[in-house]
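Take the sequences, apply the hints, and build the full model.
Under mature numbering (1 follows the signal peptide of the UniProt record, and there is no 0), read the sequence shown as residues -32 to -1, 1 to 333, first letter to last.
Please note that a few of the clues may not be correct.
What the hints assert, rightly or not - If you anchor each label on the Cβ, the simulated ranges turn out as follows:
| id | residue 1 | residue 2 | range |
| --- | --- | --- | --- |
| 1 | Asp90 | Asp128 | 36 to 44 Å |
| 2 | Glu179 | Thr220 | 43 to 51 Å |
| 3 | Arg140 | Arg24 | 17 to 25 Å |
| 4 | Gln313 | Gly62 | 16 to 24 Å |
| 5 | Asp282 | Gly116 | 19 to 27 Å |
Honestly, the hints are just simulated from the structure, not real lab data. Think of the CB as a built atom: it goes at the ideal place given N, C-alpha and C, for glycine as much as any other residue.
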Amino acid sequence: MSRPCHDISARRPLRRGAALACVFAGVLMTGAATGSWPESADGSEPAEDAGQLVSRSGDRWAAAYSAEEYARVAWSLEGEYVGTGITVIRTAEGRIEVTEVHEDSPAERAGVRAGDEIRTIDGVGLDGRPVTDAVGRLRGSDQEELAGPGSTVLLGLVRDDDFWEAEVERARLTAEPVTVTREAPGVTRIHVSTFTRGSAEQLGDAVDAVEPGDAIVLDLRGNAGGLLTEAAGAASVFLDGGLVATYDVHGTQHALHAERGGDTTTPLVVLVDGTTMSSAEMLTGALQDRNRAVIVGSRTFGKGTVQMPSEQPDGSVAELTVGHYATPSGRTVDDDGILPDLVVQPGADPEAEARTVLEGLVAPS
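Have a look at this one:
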């Protein structure tokens, strides 16, 4: 299971590598929702570069980006990234394991397969390192100079107890944030990995395509957030209007509402864990407070803050916290996270627990 995105931040006080490896841990929520992109964090003419501003802020969610780094963030919000086409997790035994190799990706062409264990990246062992460290190294965002398309990364892999190496060339790739599997009769699982632009529409299409009579497991594990507007759009898929969240920006209150016409009848379970963050927590809280879904898993990460970017004279960008959001019932999630309706005990299978809950929801009364 993957670890929370903040695990690598200790290596860089400004959270540079962490912010890029977990691009959506706190990025652009307010600007995307309001269309407001201020010249500086306090409304005055900027006088400091991003690093200085972040260092002085005392803001644990603050992040500093170079112009190139922030361009990567913008790509990522559109669902694009520089990488190898590998999806990885950290297993319960602490291994970094490949769970998916994207079709026609550099990793696929290099012979990497799902199930391979990654032991080293560019000669650096991964034992004891968080999954975000591996992601950052795969994408080249851990380096002082960001790795671009055409750069290479050397992977040390284990398959069937045999160690081998593969040199993989990075490319500019498109991520698919919504994946659908029918893992059991009567149950469709929809995993949303992040809220990039267009992900809410993709989720709506996936729900529309669910087999008649199927229940839905909405899997938000590993979803570190993304665009606030897309998370609100995702709520609209399952709600018939009404409040999704409230949030403040410099003390001014705002509200997000779902559009009318969502699917309010299909039995729904939402899977979450400690890697469910930010706007993914906002969606979870809305579905829980509105009694639309049963939440299953473990407590979510607890990031309920709103960030806004500020471009500096040298082209760098500082991202600072400007407010907090609350669920429809008024709960704030910062630090505390969201406690599921059904907490899955360590060692138990969350997906099996979700199916058990769905059986109860669809059982005849």
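List in ascending order the numbers of the hints, as given earlier, that are violated by the structure.
Hints 1 and 3 not satisfied by this model.
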